Amino acid sequence: MLSEKAVMEIADGAVCDIARRLSGVELTQAPSSLLSSNEGHSLVIHTKRGYSLTVVLHASNTFLLSAAGRMKRETVSTFEEAAVYVKEFFNILCGHIVSAINNKVHSRTIFDMPEIFLGAYQEPAFPPDSAACALNYYTANGPLSLRLYFDENV
Amino acid sequence: MGNRLMIVDDSMFIWEEMKHLLADSEFEICGYAKTGEEAVSLYGELMPDLVTMDIILPGIDGIDSSKLILEKWPDAKIIIVSSLAYDETIEDARQIGAYSFIFKPFDKEQLFGALRSTLQGSRAFK
Numbered sequence: 001m002l003s004e005k006a007v008m009e010i011a012d013g014a015v016c017d018i019a020r021r022l023s024g025v026e027l028t029q030a031p032s033s034l035l036s037s038n039e040g041h042s043l044v045i046h047t048k049r050g051y052s053l054t055v056v057l058h059a060s061n062t063f064l065l066s067a068a069g070r071m072k073r074e075t076v077s078t079f080e081e082a083a084v085y086v087k088e089f090f091n092i093l094c095g096h097i098v099s100a101i102n103n104k105v106h107s108r109t110i111f112d113m114p115e116i117f118l119g120a121y122q123e124p125a126f127p128p129d130s131a132a133c134a135l136n137y138y139t140a141n142g143p144l145s146l147r148l149y150f151d152e153n154v
Numbered sequence: 001m002g003n004r005l006m007i008v009d010d011s012m013f014i015w016e017e018m019k020h021l022l023a024d025s026e027f028e029i030c031g032y033a034k035t036g037e038e039a040v041s042l043y044g045e046l047m048p049d050l051v052t053m054d055i056i057l058p059g060i061d062g063i064d065s066s067k068l069i070l071e072k073w074p075d076a077k078i079i080i081v082s083s084l085a086y087d088e089t090i091e092d093a094r095q096i097g098a099y100s101f102i103f104k105p106f107d108k109e110q111l112f113g114a115l116r117s118t119l120q121g122s123r124a125f126k
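Protein sequence lines correspond, in order, to chains A and B.
This note's numbering applies: residue 1 is where the first sequence begins, and numbers increase by one.
This note's numbering applies: residue 1 is where the second sequence begins, and numbers increase by one.
Wrong hints could be hidden among the right ones.
Said to hold, decoys possible - Away from chain B, derived, C-beta distances all over 12 Å, residues of chain A:
#1 Met1
#2 Pro31
#3 Ser52
#4 Tyr85
#5 His96
#6 Thr109
#7 Phe117
#8 Gly119
#9 Gln122
#10 Ala132
To be verified - Output of the computed footprint for chain A on chain B, the stretches with three or more beta carbons under 8 Å from beta carbons of chain A:
#11 38 to 46
#12 72 to 81
Honestly, the hints are just simulated from the structure, not real lab data.
On a predicted model such as this, the values are computed, not experimentally measured, just so you know.
We put the beta carbon where it would ideally sit given N, CA and C, even for glycine.
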């Protein structure tokens, strides 16, 4: 079983690395979320076939459009156009997080396709024994936050 | 004619990225499948020299799709391309007979390295 600190370190390392490589920006940690609940979009992934983990990325549209534009190598001006790139960004990020956890807890957990929501994701009630961690960042292209909810098998 | 590559990935981004990286090279993209089921049927139609296969796909996953292709066409040269790169998945890829494993996100050097060595019949897994 991993501590919340260990999960946070894995998630922090993965999001900083993937943001740098795919969107070309450096992330700086912020003490709390810089986004209001009606700003930006959220991407959500749930794991299956193993431990229970939900990863939520809430990011400003500026960050998401800019990441999509860099991945597409041309300007992306609407979120509809950005969605395919943003989903892949999130898929890759979650792949890195889940792979690192799997290697530590010797699991074969995988995850479902990501879902996208307008604004902040309204989390359902997670079981009382589940843990959560939140990471908040600001970047040159706008803020983002990453939240992870996981059970005792992580 | 270049070496014919079939891409299996549900993300259009990967297809665009490979198209960009492989432009003016010895490789040509001959087909693109978004699901495992589509990959098995398209492989039979195209008989490509190489296949890049994602793991997380709608329907049957990339490992099972590769297994189905290799059962029918044991000479298929499949490279797994995924961000799900943990020990057991890499071992699964080796066991089903994939030639190599590329971690997403990848760069040009990593992509060409895997494509060229697989084409020559060299396996990254020992």
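Hint check results:
1. Here Met1 (chain A) stays apart from chain B, with its beta-carbon at least about 17 Å from theirs, past the 12 Å limit.
2. Every CB of chain B lies more than 12 Å from the CB of Pro31 (chain A), the least distance being 29 Å, so the non-interface label holds.
3. At roughly 17 Å, the least C-beta separation between Ser52 (chain A) and chain B is larger than 12 Å, which holds for a residue marked as non-interface.
4. Non-interface call for Tyr85 (chain A) relative to chain B: violated, since the shortest CB-CB distance, roughly 5 Å, does not exceed 12 Å.
5. Consistency note on His96 (chain A): stated as away from chain B, yet its beta-carbon is not over 12 Å from all of that chain's, at 6 Å minimum.
6. Non-interface call for Thr109 (chain A) relative to chain B: violated, since the shortest CB-CB distance, roughly 9 Å, does not exceed 12 Å.
7. Separation of Phe117 (chain A) from chain B is adequate, the least Cβ-Cβ distance of about 19 Å exceeding the 12 Å criterion.
8. Distance to chain B confirms Gly119 (chain A) as a non-interface residue, since its nearest Cβ pair spans about 24 Å, more than 12 Å.
9. Distance to chain B confirms Gln122 (chain A) as a non-interface residue, since its nearest Cβ pair spans about 25 Å, more than 12 Å.
10. Remark: the non-interface label on Ala132 (chain A) is consistent with the geometry, its nearest Cβ contact in chain B lying 23 Å away (cut-off 12 Å).
11. Counting residues of the segment 38 to 46 of chain B whose C-beta sits closer than 8 Å to any C-beta of chain A gives 0, which falls short of three, so the coverage hint is violated.
12. Here's how the segment 72 to 81 of chain B fares: 0 of its residues keep a CB closer than 8 Å to some CB of chain A, so the rule of at least three is not met and the hint is violated.
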